[in-house]
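Please work from the sequences and hints to get the whole structure.
So the protein lines, in turn, are chains A and B. So that you can map any letter, position 70 of the first sequence is 70 in the working numbering, and since no number is skipped, the others follow by simple counting. So that you can map any letter, position 386 of the second sequence is 386 in the working numbering, and since no number is skipped, the others follow by simple counting.
Please note that a few of the clues may not be correct.
When the alpha-carbon atoms are kept at most 27 Å apart in a straight line, the in silico DSSO-like pairs for lysine-lysine are as follows [as the list claims (entries may be wrong)]:
1. B:Lys-18 <-> B:Lys-8
2. A:Lys-142 <-> B:Lys-2
3. B:Lys-18 <-> A:Lys-142
4. A:Lys-26 <-> A:Lys-43
5. B:Lys-2 <-> B:Lys-18
6. B:Lys-265 <-> B:Lys-286
7. B:Lys-8 <-> A:Lys-138
8. B:Lys-8 <-> A:Lys-142
9. A:Lys-26 <-> A:Lys-74
10. B:Lys-135 <-> B:Lys-8
If the Cβ cut is set under 8 Å, some of the chain A residues that face chain B in the computed set are [unchecked claim]:
11. Leu-58
12. Gly-78
13. Arg-79
14. Phe-96
These are computed hints drawn from the structure, not numbers from a lab. Glycine is no exception: its CB is placed at the ideal position from the N, C-alpha and C atoms.
Chain by chain, the residues run as shown.
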Amino acid sequence: MSAPILAACDLTKTYGRGPDRFDALKGVSLEIDRGDSVAIVGKSGSGKSTLMHLLALLDTPGGGQIHVDGTDAKTLSGRNLNALRNSMFGFVFQQFFLNTASSVLENVVLPLKIAGVGTRERRARGMAVLEQLELADKARNKAGNLSGGQKQRVVIARALVNTPQVLFADEPTGNLDTATGRIVEDILFDLNSNHGITLITVTHDHDLAAPFNRRLYIRDGVLITTDEEHAA
Amino acid sequence: MKPLEILKTAITNSFRSKLRTSLTIMAIFVGAFTLTITNGLGTGISNYIDSQIAAVGSSNTFTVNKTGTSGNPGSGPKKYDASTRVLASGGRPGSTQQALGQADLNTIGAIPGITGVTPVTRLSPDYIQWNSLEKYQLSVSPLAGAQPQLAAGSALDDSGTQPQLILPASYVAPLGLPDNNEAIGQDVTIGITDATGTVHPITARITGIEQSALLGGGGAFINKSLSTALADAQGTGAPAAANTAWAEVTATFAPSSASQVGDMKAGLAAAGYTAQTLDDRIGTVKTVINGIIGVLDAFAIIALIAAGFGIVNTLLMSVQERTREIGLMKAMGMGSGSVFGLFSTEAAFIGLLGSAIGSAAAIGLGTAVSGALARGPLSDLAGLHILAFAPGPVAGVILLVMAIAFIAGTLPAWRAARQNPIDSLRYE
Ligand SMILES: Nc1ncnc2c1ncn2[C@@H]1O[C@H](COP(=O)(O)OP(=O)(O)O)[C@@H](O)[C@H]1O
Ligand SMILES: [Mg+2]
Chain A
1 MSAPILAACD
11 LTKTYGRGPD
21 RFDALKGVSL
31 EIDRGDSVAI
41 VGKSGSGKST
51 LMHLLALLDT
61 PGGGQIHVDG
71 TDAKTLSGRN
81 LNALRNSMFG
91 FVFQQFFLNT
101 ASSVLENVVL
111 PLKIAGVGTR
121 ERRARGMAVL
131 EQLELADKAR
141 NKAGNLSGGQ
151 KQRVVIARAL
161 VNTPQVLFAD
171 EPTGNLDTAT
181 GRIVEDILFD
191 LNSNHGITLI
201 TVTHDHDLAA
211 PFNRRLYIRD
221 GVLITTDEEH
231 AA
Chain B
1 MKPLEILKTA
11 ITNSFRSKLR
21 TSLTIMAIFV
31 GAFTLTITNG
41 LGTGISNYID
51 SQIAAVGSSN
61 TFTVNKTGTS
71 GNPGSGPKKY
81 DASTRVLASG
91 GRPGSTQQAL
101 GQADLNTIGA
111 IPGITGVTPV
121 TRLSPDYIQW
131 NSLEKYQLSV
141 SPLAGAQPQL
151 AAGSALDDSG
161 TQPQLILPAS
171 YVAPLGLPDN
181 NEAIGQDVTI
191 GITDATGTVH
201 PITARITGIE
211 QSALLGGGGA
221 FINKSLSTAL
231 ADAQGTGAPA
241 AANTAWAEVT
251 ATFAPSSASQ
261 VGDMKAGLAA
271 AGYTAQTLDD
281 RIGTVKTVIN
291 GIIGVLDAFA
301 IIALIAAGFG
311 IVNTLLMSVQ
321 ERTREIGLMK
331 AMGMGSGSVF
341 GLFSTEAAFI
351 GLLGSAIGSA
361 AAIGLGTAVS
371 GALARGPLSD
381 LAGLHILAFA
391 PGPVAGVILL
401 VMAIAFIAGT
411 LPAWRAARQN
421 PIDSLRYE
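Okay, structure coming up:
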């Protein structure tokens, strides 16, 4: 069997120091296989986002190791780390983080711009992914003028434009009403089942977590068993 | 991110906060404007001085005279020596100037590098007159490589037999000549007194009218033919010895480097002669002017440094404002180098805008003011454009300002570059 696409071993993360010291993660170990769909479920403040940021190599853990495709993340040079963030991972953050003054297309092709892809190809690939998310007609609109659901789809388009192997989504439906949330959910599962993208989603919503292949429950910085969580 | 994309993005970013960017540009504008003006002043004045120097004499000649021996008052009076001749001089009492004779001419001509030696005969004409009208005093000097700036007419013919002169423009009206152009080709009479007190009238043709000049003594330039005629007339009846003694001679040399000129000077000094080039005589004027312009430049640089702090401030605010954006771009794999490049390019671009606008305004306004001055208050100094803008120095100013802006941008850019992506994204 090939190495898991992501493996974490005894991850810890501490914020602040002295009296402000706070242990957000207290030893988390997990493995995620290629093509899997995993929900990280927990209450607000339980350390979900912190865990996701560590797995996505956006932050460095206080202790423990992360292996990406069998490679220890600590051994990656700055350049390789950036290449990994750019082309292997896609992110949907808790907030939209759109440049509201720029057009939808410009927002979507930002990862390609960073990768050094030429203007023409950027346009073509940006339009293709907007097509996929049924936003092609909004390509020229200012990102600030869209509805919440449209914005979230733009954010997903941006995460997908560089064809990532792993898509991280932090509370992807948190800012949306139930109906719109459902649509976004369907998009994510479609990407997982029909495009083979490994899906890692953070949520506090048990209903959203239900359709996932696996659910990891987190409380106060440690993974717990399902039963305990349901009992709580 | 490709450098071209960084440039494009930086330019777009600089227009995102228009008011703040414009205010910063205004600050740079003031510095760049001042620096361009002071530079223009330097170029204008030195252009003028160069042309004026060329009008007075050639840069390839020495004025040579015998090194004075009366310099040290403590040494007492000099013993009489029958072989040295002394000219009465206009210096301080007790100073004497020794005359140069034919032997001296030969010695000077033998110094390596010297191509020709011409004795300078002091010609003292009494008057100049046209058409039997009013007589005016006149001083004359041979051309000796000078390139007078002509307002009308053409250069002297030094090889011809016709006596010719170039008249300063200030003589045209007093002599009764209609105007500069009408004066060309007219014959004037120059009176000169010989050793016996007889006045000889000599006829000469006006070939050119010289613009009023800063350095010239307001005298006329004469060609060889006229100079010979005047010298002959002046020397009539004088003892033969007086016609072979000169206060100074002009030694010409081929165009040479500064060190070659130095060698020739040393050779002349060793032989007992003092040699001065035109640059030696005019050098102090240039030094003073360069000093004044240096001080003005210093003020402009101070203004630019102040503007540099404006850039630091503007960009620090931008970095603060765009914290999330920077975090997002880093989360998407943008390298710290690119982030640094983005902000420092923006700084350099703001510098370019400010300095280009400032220089353009300075050139426009400066040219207009300089033109107005040249026509008005400075019209007596024909050919003086107090502000002149050469492409080199203006480009230099723009590059300097961009460099200052870039340096000012490094602090904010460095701050942006070392931001942790997650801290930036959590920033509320
Ligand atoms: N930069 C930080 N400094 C201090 N404490 C932090 C910081 N980031 C997160 N925390 C704390 O860590 C805990 C876990 O945060 P987070 O991972 O965002 O939780 P979740 O996403 O599950 O709501 C919270 O109590 C939060 O207050
Ligand atoms: Mg969170």
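Going down the list of hints, with the structure as the test:
1. B:Lys-18 <-> B:Lys-8: 16 Å, holds
2. A:Lys-142 <-> B:Lys-2: 25 Å, holds
3. B:Lys-18 <-> A:Lys-142: 19 Å, holds
4. A:Lys-26 <-> A:Lys-43: Given that 27 Å is the threshold and the Cα spacing comes to 16 Å, the pair holds.
5. B:Lys-2 <-> B:Lys-18: The given pair, whose Cα atoms are some 25 Å apart, holds under the 27 Å limit.
6. B:Lys-265 <-> B:Lys-286: 21 Å, holds
7. B:Lys-8 <-> A:Lys-138: 24 Å, holds
8. B:Lys-8 <-> A:Lys-142: Roughly 19 Å between the alpha carbons, so the hint for B:Lys-8 and A:Lys-142 holds.
9. A:Lys-26 <-> A:Lys-74: Distance of about 19 Å is within 27 Å: holds.
10. B:Lys-135 <-> B:Lys-8: Not satisfied, since the Cα-Cα distance of roughly 74 Å exceeds 27 Å.
11. Leu-58: 5 Å, holds
12. Gly-78: With a minimum Cβ separation of about 7 Å from chain B (threshold 8 Å), the hint on A:Gly-78 holds.
13. Arg-79: Because about 7 Å separates A:Arg-79 from the closest Cβ in chain B, which is inside the 8 Å limit, the hint holds.
14. Phe-96: 10 Å, violated
Violated hints, in rising order: 10 and 14; the structure is consistent with all others.
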